Structure formats: structure tokens, C-alpha cells
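**Student:** The primary structure of each chain is shown beneath.
There are 2 protein chains.
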Amino acid sequence: MACVDDPARNLAKQLALFGRAVKRGARVLCTQELFASPYFCQVEDHRFFDLAEPIPGPSTDAFAAFARRHAVVVIASLFERRARGLYHNTAAVIDADGSMLGIYRKMHIPDDPLYYEKFYFTPGDTGFRAWRTRYATIGVLVCWDQWFPEGARLTALQGAEILFYPTAIGWHPGEKAKYGEVQHDSWEVIQRGHAVANGCFVCVPNRVGHEIVRTADGTPVSPDGIEFWGQSFVAAPNGRVVERAAPDREQVLVVECDLAKVETARTHWPFLRDRRIDAYGDLTRRFVDER
Amino acid sequence: MACVDDPARNLAKQLALFGRAVKRGARVLCTQELFASPYFCQVEDHRFFDLAEPIPGPSTDAFAAFARRHAVVVIASLFERRARGLYHNTAAVIDADGSMLGIYRKMHIPDDPLYYEKFYFTPGDTGFRAWRTRYATIGVLVCWDQWFPEGARLTALQGAEILFYPTAIGWHPGEKAKYGEVQHDSWEVIQRGHAVANGCFVCVPNRVGHEIVRTADGTPVSPDGIEFWGQSFVAAPNGRVVERAAPDREQVLVVECDLAKVETARTHWPFLRDRRIDAYGDLTRRFVDER
Numbered sequence: 218m219a220c221v222d223d224p225a226r227n228l229a230k231q232l233a234l235f236g237r238a239v240k241r242g243a244r245v246l247c248t249q250e251l252f253a254s255p256y257f258c259q260v261e262d263h264r265f266f267d268l269a270e271p272i273p274g275p276s277t278d279a280f281a282a283f284a285r286r287h288a289v290v291v292i293a294s295l296f297e298r299r300a301r302g303l304y305h306n307t308a309a310v311i312d313a314d315g316s317m318l319g320i321y322r323k324m325h326i327p328d329d330p331l332y333y334e335k336f337y338f339t340p341g342d343t344g345f346r347a348w349r350t351r352y353a354t355i356g357v358l359v360c361w362d363q364w365f366p367e368g369a370r371l372t373a374l375q376g377a378e379i380l381f382y383p384t385a386i387g388w389h390p391g392e393k394a395k396y397g398e399v400q401h402d403s404w405e406v407i408q409r410g411h412a413v414a415n416g417c418f419v420c421v422p423n424r425v426g427h428e429i430v431r432t433a434d435g436t437p438v439s440p441d442g443i444e445f446w447g448q449s450f451v452a453a454p455n456g457r458v459v460e461r462a463a464p465d466r467e468q469v470l471v472v473e474c475d476l477a478k479v480e481t482a483r484t485h486w487p488f489l490r491d492r493r494i495d496a497y498g499d500l501t502r503r504f505v506d507e508r
Numbered sequence: 218m219a220c221v222d223d224p225a226r227n228l229a230k231q232l233a234l235f236g237r238a239v240k241r242g243a244r245v246l247c248t249q250e251l252f253a254s255p256y257f258c259q260v261e262d263h264r265f266f267d268l269a270e271p272i273p274g275p276s277t278d279a280f281a282a283f284a285r286r287h288a289v290v291v292i293a294s295l296f297e298r299r300a301r302g303l304y305h306n307t308a309a310v311i312d313a314d315g316s317m318l319g320i321y322r323k324m325h326i327p328d329d330p331l332y333y334e335k336f337y338f339t340p341g342d343t344g345f346r347a348w349r350t351r352y353a354t355i356g357v358l359v360c361w362d363q364w365f366p367e368g369a370r371l372t373a374l375q376g377a378e379i380l381f382y383p384t385a386i387g388w389h390p391g392e393k394a395k396y397g398e399v400q401h402d403s404w405e406v407i408q409r410g411h412a413v414a415n416g417c418f419v420c421v422p423n424r425v426g427h428e429i430v431r432t433a434d435g436t437p438v439s440p441d442g443i444e445f446w447g448q449s450f451v452a453a454p455n456g457r458v459v460e461r462a463a464p465d466r467e468q469v470l471v472v473e474c475d476l477a478k479v480e481t482a483r484t485h486w487p488f489l490r491d492r493r494i495d496a497y498g499d500l501t502r503r504f505v506d507e508r
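Residue numbers (our numbering), protein chains in the order written: chain Y, 218 to 508; chain D, 218 to 508.
Note that these hints are calculated values from the structure, not bench results.
No experiment lies behind these values; they were computed from the predicted model shown.
Incorrect hints may have been included.
Heads up, the list lumps identical chains together, so a pair's fine if it works in one copy or across two of them.
Said to hold, decoys possible - Only pairs whose alpha carbons sit at most 30 Å apart, straight line, appear in this in silico BS3-like list of lysine-lysine:
#1 478 - 395
#2 335 - 240
#3 335 - 478
#4 395 - 240
#5 393 - 240
#6 395 - 230
#7 393 - 478
#8 335 - 395
#9 230 - 478
#10 335 - 230
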């Protein structure tokens, strides 16, 4: 979806979109990353800490009520205020009875031009997690996590049949003509690769719309902001994109994930059988400079 | 390339193909997996242990002479006889002066219908490795390794700018119409994902041709054998396929890999900066059944 400045309106729209999904039979619903606001990380501005909220808090209360009413699982990506001066980029997982199953705090935090997340978010301390919900065992990772095969693997190793990646990624408009297609393709390919490597579904709801964040006096923080590239998608355990949204408009994707395909994928391509766990110890090193 | 039964003819053809590559400017050359013979692992037959050879041995001698003469690096995938009753699927890496830099013994060994490698090959004990050759720092992994992000990462963490995957993969002809396209796509996608995740080049020389292995009395071990799908390719650090060979004929690919692109990829998509090595410990577990 596309966001406006007012969090209340974004929440109302999100619930309306979820309502459309439920009418079409959805049972596990996931927001994009930080659905409640524009992507404020385009600038380092202390004002934006006011957007954060506790978990549980107003957003999770609203989603819990929705989950209970419709008997659906909800994954909500939120700006978490954990304590004074301690903030995270957090996903809350609510089961189909409205109970909070737990939270995942984004483990990998980016810092790149217009994506100044290290200013706002302390790297997660939850580790990678999966939850047995009423309808599937799911794991949640958030945006930048999607570039790290380690996160996908560790979540799958806890039993996740579906990996969700609430996301807010887009193009610098000035780069789009030259690099846009390749950037989008890299992003989709690596996540399709997670589906293949782990024999699981991968669901990626991404933000859409063109956002230019402004300072308190109304000055744009960059000449042309970010054009979020939408194209939310679901990949099957064989890596195929089952469905992909448009790059330029809001959309509700409802995709059937036959969980039996996870077993089929993993016995026909038995990678979990053959992992060389005796030889993976150096994955906890920053770099293997010398032996 | 396509293989015949006679190892001497395969070696002669391989050297001729390498000669064509050198004429076109190649500086690092890599064979497909087990180039010296048909893909005998289609059956569990003790006869085929006779195809193995020591390293160093006749094949590495020939490649070392070639490497020295042409001042090129050679990566050769061989059936290694290490000791009586101890065999590996091994890649030898020879520098441009003809010296042996080292070997990599395939760490992940498959066992699937017509790919009965666990019968022949003891899983490698070299660990994952990279070598500083005259022209680039390279890592070598072999075929089934290509499905494991851990292997790619561990090799990249040792400085590899290019990952080579000598390969022998193909279709069961009876499955090709229904599953062939998806199988090939999964294979290419996961390796393009390794290029993206690690910001390095990935080069994959694959076998081509239709092989039906026979028992000593001439009986085919399967009705239709394996149709190796060729389509050797090189992926750039952004995951794009720079060049891809045909599925149905022998081909020499010579692809320029601008190593400066590794630095560009890794600073523009700084995944190595942000890995959460404090949280990756469970990657050495088989499954995370409980906390």
C-alpha cells in the first residue's frame, strides 16, 4: 500500500485492505514494513521517534481485535518503542484467536543513502524465530534481512513453512533508468533463492508509492525521495513466483500456499538432509582472514 | 562438453576446448564436474572405481603443463583416489605457473535417483576454501554444493571474488516436459542468489549431452538416462546472467569478470558489513527443535 502522513489513516486503510483479503479467503495476513507511516528513515530527524509505539499497544490492539473477529493470523510491522531511547523495527505475530504469539526484532539494520535505519533502530535481540500459528508455522524477517541467507536458514530450521518479509524498498528516481531493473531483479532473485534453499514459501509485501520526506520546516530531505517499487510477491518452494503485484499501485494479493509442497520440495531436493553442520562454524566469523 | 567412455579422449577434448578458450583470452579455466568420464553415478557399480586417479596424477600433470605453457589458471574436477577404498569428488586448482595451489573435496554429496554419489564419494574433509591465483582470488565448490548458501558464504568469507561450480546436472527425460523448466530455473536462481548475497562472480560450467550408463553386460541402468542440461553460465555480483550457454551443444564461454565490480557491489549493497555473527550460532545445528 501507499502511505500518508497520518498514522490513523494508514491503520484504517490497512484494516480495510485486510478486510478485502479476508473476503477473498486469506488466513494469514501481513503488512508491509512500517505500514503506519511514511518511510521516515529517509532522514535522521529526532521528530520521527514520536511515531513509535509500544508493543503491545494501539496497533497490536487493533490487529488483535481484527484477528479474533475474522479468525485470521496477522503479522504487523511496527516502529517499536521499547524504552526511553530504545527503539526497534519489530514485527508482531498475532494468532487467529487474537493472542500475541510473539515479536521479531529486525536483526540486520541497513544504513545507506535515504535508508538511515541505524539512526532509529537498535539491531534486534530476539534472534530468528518461527511460530506455530493456527494455519501454518511461519517465520518473519524484515526487509534488509532478506539479503542474508543466514536469516532465512535459521528461521526455516525452526520449522517455518512460510517466510514473511515485510518490506519498504524502492528506487532512487535518479537511478531508476540505469539501475532500476537490475536492482529489483537482484531483490527478487535472492529471496526466490531462499525459497529454493529452504524448500519453503516466501511472501514479500512491499510498500508502493513515491514518498519525499520533509524536515520540520517543509524542506524536502532529498530532491526526489524514494519511489517504492511495490511488486509484492509470493514464491513457491521451487523458487517460482506464484503471484506478483504491480510496481505502481496498491494491491491485495491472496495466494494459496499448499503446505504439503514443503515436504515434497524437501524430499525431492533434500538439502536439509545433507547440510555439513560440522563445517559451518566459521559462519559466525566476520571474515576468515587467516587459518 | 559432452563425454564419451574413453577418459583419454575426454582429456584430449578438454585440452582442445581449453586451447580455444585461451585463444579467446581466457585466463582462469574450469572444467565441468568429472569431465574425464561419463557421469557413472547413475548406478552403484564397483567397476567405476577404476576411473579414479590420484591427485597429483595423470590429469593434473596434463593440466599443470597446459597451465604453465599458456600462463593460465586451471580448475579441474576429478574423481580422486585418495587411498584404497577412499574416494572423493575433488577439484584441483593449478596456478598460472603450473604449480598446484591445492584441492577442494566436495563437501555436500547427493544421493537421488540416478545421482548415487554417496556410494562413490566420501564427503570432503577440506572444508571450504579460496586461493589467491595469479589473476583472481577464487573459490571452487562442486555441483550439489551449489544448493547450500553456507558453502558460498564460507568461500566468499575467505576472499573469493569468483566462485566456480563445476557441475553435472540434467533432466530425467521422462520428467523434462513437466518439471524441466522449473528445475533448471531453481538451479540458476539459487546460484544467482549466491552472487548477490556475496557480491561476487559465480561461474558454472555444466555437462551437456544425453548419457545412459550401462552395466558390464551392456544393460542400460535406467530406461532413459540423464539429459544434461548444459546452460553453463556466469553471473555478475548483481546476480545478472552475463552469458549463458545453450542446453544442447558443447560451447566455450569466455567472460570478462571485472574484479572491481566486487568492491562496488559490496559497498553499494553492504551485506558483509551487517552480518549478525553474534546470532548465527545455530547454523551448525541440524534443526532447531527446541529452545
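**Student:** State for each hint whether it applies.
**Tutor:** Hints and how they fare:
1. Within a single copy, residue 478 and residue 395 get their C-alpha atoms only as close as 38 Å, which misses the 30 Å cut-off; across copies the closest is 16 Å, which meets it.
2. In this homomeric assembly, residue 335 and residue 240 never come within 30 Å of each other (Cα to Cα): the closest approach is 38 Å inside a single copy and 50 Å across copies.
3. Taking the closest pair of Cα atoms, residue 335 and residue 478 come within 30 Å of each other only across two copies (26 Å); inside a single copy the shortest separation is 38 Å, beyond that limit.
4. Taking the shortest Cα distances, residue 395 and residue 240 never come within 30 Å of each other, neither inside one copy (40 Å) nor across copies (34 Å).
5. With identical chains, the CA atoms of residue 393 and residue 240 are never at most 30 Å apart, being 36 Å at best within one copy and 39 Å at best between copies.
6. In this assembly of identical chains, the alpha carbons of residue 395 and residue 230 never lie at most 30 Å apart, being 34 Å within a copy and 42 Å across copies at closest.
7. Taking the shortest alpha-carbon separations for residue 393 and residue 478, only the inter-copy value of 19 Å comes in at or below 30 Å, while the best intra-copy value is 36 Å.
8. For the homomeric pair residue 335 and residue 395, the shortest alpha-carbon distance inside one copy (27 Å) is at most 30 Å, but the shortest distance between copies (47 Å) is not.
9. In this homomeric assembly, residue 230 and residue 478 never come within 30 Å of each other (Cα to Cα): the closest approach is 33 Å inside a single copy and 43 Å across copies.
10. Only within a single protomer do residue 335 and residue 230 lie at most 30 Å apart by alpha-carbon distance; the minimum there is 28 Å, versus 55 Å between protomers.
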